[in-house]
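> Residue numbers (this note's numbering), protein chains in the order written: chain C, 8 to 200; chain F, 545 to 1087.
Quick caveat, the hints were computed from the structure, so don't treat them as lab data.
Note that the structure is predicted; figures quoted are calculated from it, not measured.
Watch out, some of these pointers could steer you wrong.
Unchecked claim - Listed next, with one range per pair, are the computed distances between beta-carbon atoms:
#1 LYS844(F) <-> LEU65(C): 39 to 47 Å
#2 VAL548(F) <-> LEU65(C): 55 to 63 Å
#3 ILE597(F) <-> ASN126(C): 33 to 41 Å
#4 TYR36(C) <-> PHE547(F): 18 to 26 Å
As the list claims (entries may be wrong) - Straight-line distance between alpha carbons at most 20 Å, and here's what the computed EDC-like set of lysine to aspartate or glutamate pairs gives:
#5 LYS844(F) <-> GLU45(C)
#6 LYS101(C) <-> ASP1079(F)
#7 LYS844(F) <-> ASP138(C)
#8 LYS176(C) <-> ASP686(F)
#9 LYS103(C) <-> ASP845(F)
#10 LYS103(C) <-> GLU605(F)
#11 LYS921(F) <-> ASP43(C)
#12 LYS47(C) <-> ASP845(F)
#13 LYS176(C) <-> ASP604(F)
#14 LYS912(F) <-> GLU45(C)
#15 LYS101(C) <-> ASP686(F)
#16 LYS729(F) <-> ASP1079(F)
#17 LYS912(F) <-> ASP43(C)
#18 LYS915(F) <-> ASP43(C)
#19 LYS915(F) <-> GLU45(C)
Ideal Cβ placement from N, Cα and C applies to all residues, glycine included.
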Amino acid sequence: MSDSVDILSTLKLVYTIYALAAISIIGWYAYRITRDGESKGVVRPVYFWSYAGVLVILGTGLHFLTFNVVPWVPMDLDRANIKAEKTFKIRYEKHKIDLDEKQMQVPCGKYVVFDAYSNDLTYGFGIFRQDNTMVAQMQVVPDNGNDLMWIFHKNGTYNIRSTEYSGPKGSQMIIEDAIVVSGCQEDDIRSMR
Amino acid sequence: MSFVKALIDGNEGGLKHEGMTPMQKIAMRFVVIGLLYYGLAALEGMIMRLYEIKPLPFIDESHFFSIMTVHPMVGIFGSSYMIVFGAFLFLTPFLMKKPIYSLKLANWSWITIGGGTLIMWLAGFIFSYAPLYTLYWPLPADMQQFSAIGGIVYIVGVVGIMIGTFFYTYNIFKTIVYTPKGWEKQPSAALLRSALGLTAIANFFRRKDTEHLVPLPIAAIARGTIDVGLNAIVIMSAGVLILIYLVGNGLFGMDLQHTWVDALLYKNMFWWGLDLVADGLVLVFVAGTWYLLAMMISGKDLYMQNVARAALFLEMVVSWTVWSHHLMSDQGQSNFLKVLSGEVVTALELITQGIAVFITLTTLYKAKPIKMSNELKFLLGGILGFMLAVPAGIIQADLGMNRVLHNTQWIIGNHVHVAVLVGLTMTLYSAIYVLFPILTNGVKLYSQKLADAHFWLHLVGGIGMGAFMGMAGIDGMLRRTIYYNGEYNTYMILAGICGAMMMLAFVLFLYNVIMSVGLKGLFGIYKSSKIDTNDCIVEQKDN
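Assemble the whole structure, with the sequences as input and the hints as a guide.
This is the structure:
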């Protein structure tokens, strides 16, 4: 099962290749446009419409791809109909994060919900590995429901921190080792204590 | 020529401001103030870049976030709005071959936007007011963290900017439709329909096309200006709401509850308005500017002109329905809106902007060989910027990717800064290089070597800074967050070096411009014109 590190590493590779290709195309174009020799008439409309078609496929295809490849998308869209093994209540107030349990013990491979509530400002709820890479996050909007459903497939100890700016007082809202996942066959090497 | 003489008088005599029309002077006033605000935003950006490497001892957290609050406001409104408005207030009458509707209103536009930006900036500098540009409710009215007076000063500044924006909007549309004194009656309704794109839509259903009464760049200006006006209404409304709470709770000790305003509904409305800038007028104006520049540089008609007009209209409609991609991590937001507005409509931006890239490059290519002039190289830089930034935006506007990219440095680096600094700013530089001889009656550039250095430093610095910020974001670095333990120092040092390259690029550009026009000419643009005309330029008489 792929996790955020796998997805984001792929993004880094694919986007870097794309960026280098885009830079090369513009560089080549800039060279060609200054060279002698007339352009061969008007570009045929079929090329233009084919190009537009490719843009449509790329723009919408990305979402079909991630729906099928990124494991948390179907779960997120259907979370109202999925029964969670455990729900963790998290309260935000006056730039502090309060947990019901000092350390949230998460069973491996089971649906869990992080249910966050704020009654003053907008905050964020983010789960981070020990090496600071992000597992997942959501916004915590005051006086509204904020529920993040998740499944962990690796053992590890995770930090949580607010991922949204809530004024200068909220810049370091972090709880270290707030989530402990156990019972998996594989360890999250980026998040082991 | 000695350095001092060139500095004062400019290159080969520099700018003779006595020969400038009022409209030339007004456009130059906008551009000069806009460039100065760009310098301020760049300086603020460098301070923040250094702070992200190691917090500076003379700036506390509160002030750091107040810099972060005013930085995008100065950059967008003080700089980009000013340069764009100045250019379009000049180009609209210039391309329509008619006088501007009101010189007075045009002057009041730069005064109120420039003054409003300064007042808003002072709220951050003096009072450390720091709710960020997002103004998520109820943070801007949080009296526990900010002083009421700081917030009031900030809102007054923003209101000033919006009033100037309304002046600009009214002046543009009035210039398009009005009948100048002594002229034959203009077909106002037909002009307005053409400018808004309604004629182009109607042509799809007619056997015989109706002629477009306004040139394509005017259509782009008009459609983008619709978003400018709508955005100003939303920002003003948010400003009034915040002001009520600041004055009520902060000054009169009332007990207005923040819960009277639903934070999620507010966020939806506010992002609807903000996206009229980020995903609306910026893209519409940029596409329109590319088309104009391509036609001016190549001397050719635009390739696929009808499609270009339709794409501009589509982009305007997209900008009204795209806001939900900012709320994909808000679990209270409906899935329907996240998928339809957030993912599907946002994907249309890849298509509209991609079409603009294709049309612009093809139009230029038809005219090859073309000399690699300053305007051409900056135009290509601007196109490259959007080729990099728009796909980055499409990627983050995806339910799967947004869960791990939202509020990271990816958003602000790869997407926002590459779009604004490489895409938008290089397009604006291209427009400046095209307009420079027209506005200054043919002043010669002081140094081509400096112009080349400006180009390369800005291009490499802008792409590099965005890339290193984006890589930090992929590794989990949040935006709007201070890291005290050097967690991302490698990326931040590299991003800082790239930022310094852009700062140096701007200094070289400013020096080149000052040495070209001379200080005498530069200050002269703020003196009243001695030429009594509403026309853009004085026609040269044949001897």
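> Look at each hint and say if it fits the structure.
A quick look at each hint next to the structure:
no., hint, in the structure
1, LYS844(F) <-> LEU65(C): 39 to 47 Å, "violated, 29 Å"
2, VAL548(F) <-> LEU65(C): 55 to 63 Å, "holds, 56 Å"
3, ILE597(F) <-> ASN126(C): 33 to 41 Å, "holds, 36 Å"
4, TYR36(C) <-> PHE547(F): 18 to 26 Å, "violated, 39 Å"
5, LYS844(F) <-> GLU45(C), "holds, 14 Å"
6, LYS101(C) <-> ASP1079(F), "violated, 59 Å"
7, LYS844(F) <-> ASP138(C), "violated, 55 Å"
8, LYS176(C) <-> ASP686(F), "holds, 12 Å"
9, LYS103(C) <-> ASP845(F), "violated, 61 Å"
10, LYS103(C) <-> GLU605(F), "holds, 17 Å"
11, LYS921(F) <-> ASP43(C), "holds, 18 Å"
12, LYS47(C) <-> ASP845(F), "holds, 16 Å"
13, LYS176(C) <-> ASP604(F), "holds, 12 Å"
14, LYS912(F) <-> GLU45(C), "holds, 6 Å"
15, LYS101(C) <-> ASP686(F), "holds, 11 Å"
16, LYS729(F) <-> ASP1079(F), "holds, 18 Å"
17, LYS912(F) <-> ASP43(C), "holds, 7 Å"
18, LYS915(F) <-> ASP43(C), "holds, 10 Å"
19, LYS915(F) <-> GLU45(C), "holds, 14 Å"
Of the numbered hints listed earlier, those contradicted by the structure are 1, 4, 6, 7, 9.
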